Every structure is written in C-alpha cells, then in structure tokens.
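Listed here are the chains, written in short residue letters.
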Amino acid sequence: MKLLVVEDDTTTSTYIARGLREEGHAVDVVADGRDGLVQATTGQYDVLILDRMLPELDGLTLLKTLRGAGNATPVLLLTAMGAVEDRIDGLNAGADDYLVKPFAFGELSARVNALARRPQALEQETTLRAGDLTMDLISRRVTRAGQEIDLLPREFALLEHLLRRKGRVQTRTMLLEAVWDISFDPMTNVVETHVSRLRAKVDRPFGSELIQTVRGAGYRIQA
Amino acid sequence: MKARFAGLWRSMPLRLALLLVLLFATVSLLSLAASYAVTQRSFEQAIRADLAQDMAGFRAAPSAGAVASLVEAESRETDPNRLILSYIGPDGRIYGNGAIARDDEGYHIVSLGAARTEYTGVYLTLTDTLYGGLLTIARSRAEISALREVFVNILLVSLLPTVLIALSGGLILARRSKRHVEVIRHTLDRLTTGDLAARVQAGPRWSDDLSRIGEAVNQMARAQETSVAALRQVSLDIAHDLKTPIQRVSVHLDDLARAEAEGGDRAAPLDRARAELDGVGAIFQALLQLAQVESGDARAHFAPVDLAELCRTMAELFDPSAADLGKTLVCSLPDEPVTVAGDRTLIGQMLANLIENALRHSGEAGQVTIALKRIGNEVHLSVADDGPGIPAADRKRVLQRLTRLDRSRGTPGHGLGLALVDGVAKLHDARLELADNGPGLRVTVVFADQSP
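Chains A and B are the protein sequences, given in the same order. Sequential numbering from 0 applies to the first sequence in numbering that gives the first Met the number 0. Sequential numbering from 0 applies to the second sequence in numbering that gives the first Met the number 0.
Worth flagging that the hints you see were computed from the coordinates, not collected in a lab. These numbers were taken from a predicted model, which means no experiment stands behind them. Incorrect hints may appear among the rest.
Within a straight-line C-alpha distance of at most 30 angstroms, the following computed DSBU-like cross-link-like pairs (lysine-lysine) qualify [to be verified]: (1) Lys100/A <-> Lys177/B; (2) Lys242/B <-> Lys395/B; (3) Lys165/A <-> Lys100/A; (4) Lys1/A <-> Lys100/A; (5) Lys372/B <-> Lys100/A; (6) Lys425/B <-> Lys372/B.
Whole structure, please, built from the sequences with the hints as guidance.
Laid out in structure tokens, this is it:
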C-alpha cells in the first residue's frame, strides 16, 4: 500500500514510517499541514495518517479541505486528546478512524490495514471458513473437524468478526468497538478473557491454534 | 481636576439630579407665568373699571363749567403719577393736572404748571366728550409694573435655592457613587492581577444596585478562586502521581543500559518500562476525560440511553474476568428498556469503573451485584460488593481525584475511577450515593426516568 504520514514530531513519524515500511508499505512523510495538503491531493495514497496538531495548517482543517475537494482517501487521525468530544470532532471533520497518543505501533498498523480494506467488507457470505472450522451464518452453527461447537451469542459475534477479517490483526479496542459497541478501554483485561474463553472452545479441544495472538497488537485468524 | 470634574459630569446621580432640576424649573416657570398673566389681566380690568366710574362721576356734573371746576378741584389733590385729569373746555382752555399731546411718537402727557414737564410712566387712558369739551382720564399702570417685579422676586426666591440644593445634592451623590464604583474597580484590578482573595466590601450606605454588582463580583471571584485552587490541586496531584512512575521508568532504563553493557536480561526491564509508561498514559487519559466531563460539553450530544441494555452488555463483558478472579457477577435488571438522557460512552465508562472497583474490593470468592430499579420517577442504578466497604467518614473523600484509601503500591488503579463516576453522575444531573451494603460498599447513581 502507499501511505502518507503527516506528523511534525520526527521521532514519532520516523517510528511510524519505519514500522509500516517493514510491513511492506511505501511510506511518504511530511512534517507540516500545508505540505501535507499538497502531497495528499497530488499523490495517490491508500491511507493518510494525519496528526491533529500540525504547524502551518492543523490536521482538522487539512482534513476538511481535503473532503471539501472531494478526496475520499481513508484518514486515520492521531491525537493527543482522547475525550469523547474530540473523537466526535474528528469523525465529523471526515476522519475514518481515530487513534489516541500514546499508541502502540500494532494498534496503528491494525487500524491502517482495516481502513485500506474497508470497502471489501461489504460482500455477503453465508458461510465463513478458516482451516477446518466452518461458521454457518444462517443456522448460526459452528463446527470444527466435523464436531459442533456450542458458543454463547457474544462468542459467536467475536469469532464472526475475526473470521470476516481473516489474516488481519484486530486489536482489543477494535474488538470492543465492533463486538460490544464500546468506544472506551476498560482497564481490566476483559477482551483477553473473552478471547481465551473462545479459544477454550474453538482451539483447545483440537490441539491447533486458529486464533493467534499478535504480540503488542491483538488477535488474528490466519488466512 | 478638570478630568475629575468631567468624570463626575458623566456620573449617573448627577445627571439624574440635573434632569430633575430642569423639570422642576420648567414647571415653576410655567405656573408663575400663568398666574402672572391672570393677575395682570384682573389688575387692568380693575383700572379700566375705575376709569369708567371716574368718567361717570364727571358726567353727573350739570355743565361744562361745573366739569372744569370739578376737574380743577380733583387734580389739585391727586398725584399726577397716579391719576391725570385733563379737560379741554368748549372754549379751548385746558383744565386739570396735565395735557395730552399727540405727535409722531404717540401720546405725551405734559404737566400744566410753568415747568411743563413730561410725565414718564405708563398710563391707561379713557377719553370722552363732555358738554362740547374733551375729558381725558389717565390712571398709572405702575402697580402692574410692580406686580411683575414681585413675580420675578418670587421666582428668584423659590427657584434658585432649589436648583442650588438639587445640584449640590447630585454632586455629593455622584461623588459618593463614584467612590463606591472606585472600590469595585479596585477589586477587579486586584483580581485581574492575580490576587484572587480580593473582595468588594460593600458599605451600609451603598445603593442596592451597586451592592448587587459588588456581590456578583465577589461570587465570580469565589468561583474563580475555587477553580484555580482545584487546578492547582490537580497539578500537584499529577506531579505527585506521575513523578513516581517516571522515576521508575528511568530506573528500568538504567537496568536496560547495564544489561546492554554487561550482558543480561533485556526483555524484563523493557517490559517494565513500557508498563509504567502505559500507566502514565492512562492517568493522563483519565485526567483529560475527567476535565472534559466536568466542563459539561458532552451535554450537547445527549441522546436516549437504555440503561438495562447497557448494564447487560457491561455485565456480560466483565463476566469472564470476574469468573477468572473466582468472583461472581450477579444482575438484577428489568426486561423492558429503562431510558435516560445521556452519553452512552460515558455512562458505560462509569459502569466499567464501578464494576472494576467492586471486583477489586469484593471479598475472596465474593459477589458483585449490578441492579437497576425504577422507584417513582427515578432510576436507581447500583453496583454493590461484599468487601470491607468504605467508612462513612471517608466516603466523600474517595470521590476526589487521585484518592486511594490504601496507598500501598500493590493496589492497582490510579484513584481517578470514582472521581470520574462522580463527574459523569453530575454531568447527567444524577445523584451519587455511597452506602453500606452490609458488608461492602453499594454505589447508587440516581437518574431521572426518561422512559416513554
């Protein structure tokens, strides 16, 4: 993917760019809002990673200008502020997702990947498969190696979310938002516990791991 | 001096006084003028009546000669300045104490003595023919002129002192209110230069409106002082609670440097440093959110929130964690929706904080109960544990930021959880009640019921 990072703090931008390049993306970095706007409108990018506070032109204004000009490139907004209001402001300005500093690189990477592939999530499927596991979305039955697995409604939703995004990392906060419709992060390791419950039913009896833990980021079902 | 006077000139009491003086003067002038006009008219009418009567008296005389002798007799006794009689007989002789002459300038009355002096003054005259002669009677209008003087005197005597008194009273009031305004201004000056303890001391002679303004200034200053004190307290708290983890990060980095140089375990100090920094981030995040909640901005986005659904979601979210801790999470929720106006995310965060808190403090194999009840037109949302509880004396204190009753390092949490619960409750105009659960703590948030 071709990505643009607009971030004035060079430590942060170098860190983001290096990580994303290691994942095989082409990354351009600019350090102020005006250059960011020029670069974003002239280059063809898959995702923009935009800091909210920038010199010359702040991130929100840049974003509004971009959207006003009909540019629909997915934007991940980075911010030091994390309150509900700021989140709403950011999303209203046209951001597709929002990440609060300080963040872990895994979280950023997972969200960038989710943004880039967003349109493909629309396809209608009735059966989801991963390895020897099958999920029937109509009868709401899950089987693995021919054996039926009994899941609670929320466990089913969690597994469905991971299956639909096979091969992509889903972070704790992404899972909280998608499965529980909760946009804050409780301090307790609630997601970890839910995932380990799910694993106890889906993985443990079969001796092989479908749901993988990605250190410092989240969970993934191997494609 | 000139500037001071100019300042007074623009002051409210003086302007009011001047306006009143002007009004009073106008009314006095008008009424005096009216009564002067009426009196003058009746004086004139009286003089004319006298003239007519005089004329009738002379007409009663039987002949021209008799008229002439009557005129002569009367004019000897009368003061020509008051009354002039002049009879031109049929033979052309003039009798009386004056002669009326006429030229281009009008009438002249001239004395008949050798001096032939002209009488000055204003007269009212009446002329008639008697027995072929011409009789003219002129009465002085001096009384009417005197009347005008009397009126001018009355005007001066009544009006001037009033104007002077009102004017000086206005000046005194203006100077006094200027002093009072000066006191308020001085207080505001001190407040803006940072002396937040400055207050307006209103005296007993202050006018009502100035006292009210003074009270409003004091109220503003008090609010400012409280919020600045709160801010200072938060800064101190932050400094205190953040310096410790930052200090520990620096220790972990030192360990890492030593491991680098001497060879050793690098992963452990690295993980510890990262965990400390995550904690620092969490404190910042919680403080920012608390500030945002306390500002009340979120009210603009309030929407109906189904508390029953939210409680179910949160209970379900925490259930496995509770089980892992060997504790049970019990729900007592109504089946139908229970709706309040609010921010779902913030109420959810509040619930999460309460549940985490209850799980942390409940006893071994303890039980945490989430209950939602409609009582009257209120909704009671409560989270209760069966732990040691909080002594009644400490209940208010735990709502403050960064308060942890157990300050030992082993306790998780940053002491902002209950402060946020308090903030979110206030934002929703909900009442927060901390009560004894016998044993344990029961926190109840009482919302106004908005269910249809």
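Against the structure, the hints come out as follows:
no. : hint                  : in the structure
1   : Lys100/A <-> Lys177/B : 55 angstroms, violated
2   : Lys242/B <-> Lys395/B : 26 angstroms, holds
3   : Lys165/A <-> Lys100/A : 27 angstroms, holds
4   : Lys1/A <-> Lys100/A   : 23 angstroms, holds
5   : Lys372/B <-> Lys100/A : 39 angstroms, violated
6   : Lys425/B <-> Lys372/B : 20 angstroms, holds
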